[in-house]
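Enquirer: Residue numbers (our numbering), protein chains in the order written: chain A, 1 to 229; chain B, 230 to 458.
Treat the hints as calculated values from the structure; they're not laboratory data. Hints should not be assumed to be uniformly reliable.
What the hints assert, rightly or not - Between beta-carbon pairs, the in silico distance windows are:
1) B/VAL245 x A/ASP226: 34 to 44 Å
2) A/VAL110 x B/ASP340: 43 to 53 Å
3) A/THR59 x B/GLU239: 48 to 58 Å
4) A/THR59 x B/GLN353: 48 to 58 Å
Even for Gly, the Cβ is constructed at its ideal location relative to N, Cα and C.
Protein chains: 2
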Amino acid sequence: MKEIRLIPIEGVPEVVAGDDVALLIVDALGPEVLEDGDVLVVTQKVISKAEGRSVPAETRAAAIADESVRILRRTEGGMTISETKHGFICANAGVDASNVGTGQIVLLPVDPDASARRLRSRVQHLTGRDVAVVISDTFGRAWRLGQTDVAIGVAGIEPFVDYRGTTDTQGRELNATRIAIADELAGAAEMVMGKADRICAALVRGAPVTWGRGAATELVRSPTDDLFR
Amino acid sequence: MKEIRLIPIEGVPEVVAGDDVALLIVDALGPEVLEDGDVLVVTQKVISKAEGRSVPAETRAAAIADESVRILRRTEGGMTISETKHGFICANAGVDASNVGTGQIVLLPVDPDASARRLRSRVQHLTGRDVAVVISDTFGRAWRLGQTDVAIGVAGIEPFVDYRGTTDTQGRELNATRIAIADELAGAAEMVMGKADRICAALVRGAPVTWGRGAATELVRSPTDDLFR
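Bound-form chain A, shown alone (with noise of 0.2 Å):
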């Protein structure tokens, strides 16, 4: 194995709809940066503000009950845990205020993977380079306290590694293992981002991914698979 490098890219501006992000980053970074197999992290809120998917921060209720297609809990705290209509279950349907403009909130975008697909040929458009995408978001977990960030919208990768069929050092097959890479590339990604700051894309150099066209709803468990709804 060798080492993997995670690469904050510093000074995207602001976004607003109708931006390209693609050239908002590039620019960020200087195109002679980037090399042919990077993976390029990018958070949701710049790619669902330049989509233009804010809305008023009054219709805020309607929004979540809108982007939802099933509600499976409400804490006592207000908070609406739900499966949003791409299959992800997230918290208030991945609707969030932070770091938008005053009065807006942010939906997420409409097809994270289209948008992942999108922003990765507009890169190699730009830069000539082949690289991957994986859009990511922050999200809660079942069972453990925290947050971590995990993709949501992938291009250029297979979202998992699939060690299934394969063996041991002694031989032995392994375990049903199959390792959702793309979300270890999003929270490994998260930690040179920093919420409080405007970091929102890094690059990661040397990850171990399959080239391929996979996608971030090959990662959603299907209803009737999932024991824990």
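Given the coordinates of chain A, assemble chain B onto it according to the supplied hints.
Expert: Same frame as chain A, now just chain B:
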């Protein structure tokens, strides 16, 4: 923010009961390489093996029952999802057969936070360096397919980076955000370890951790607070 480096530690030999894991890792790494502030991520399996937590494979069913305080679900594939004595929710109470000597299975450490503290002290004694330690294991999740590495033991840092009460770039208070950075560290390190190889440890350099006397048990959501058991 600054760059983070994820560095695999290669060359640790097969660990057996009684081994000094800290010494094996320091020998593999070369003591001059460690720096104050590094986070050493070590997989649960080598800690458990060194602590003699291996049992004969034919006692597997009894071991899983014994390691569980509560069975949450049983899958059709015969997997048990249980709460361990530590409070972790995971498959088969963390009892695992892969990468273990033939005929043996390995249980989780009795007290992984204590294991982490011992390893940290020993590394400090051997090298004079003040490093943090995270003991990682590969867990499945509710709602999302695939597994990621999470922290089951922590020493030298707080498991969270706490943004509650801080404000975003607009001066607005952030949503109740407490990042489980110990889990992100474990997941990030997993990417340089590789399941089928014998890499059982990694260095994380530059992570924005909060130094302190935290424990991985703080990551466990209390059953009364957990809406998804």
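Enquirer: Each hint should be assessed against the structure and marked as holding or not.
Expert: Against the structure, the hints come out as follows:
no.	hint	result
1	B/VAL245 x A/ASP226: 34 to 44 Å	holds (39 Å)
2	A/VAL110 x B/ASP340: 43 to 53 Å	holds (47 Å)
3	A/THR59 x B/GLU239: 48 to 58 Å	holds (54 Å)
4	A/THR59 x B/GLN353: 48 to 58 Å	holds (54 Å)
Of the numbered hints listed earlier, not one is contradicted by the structure.
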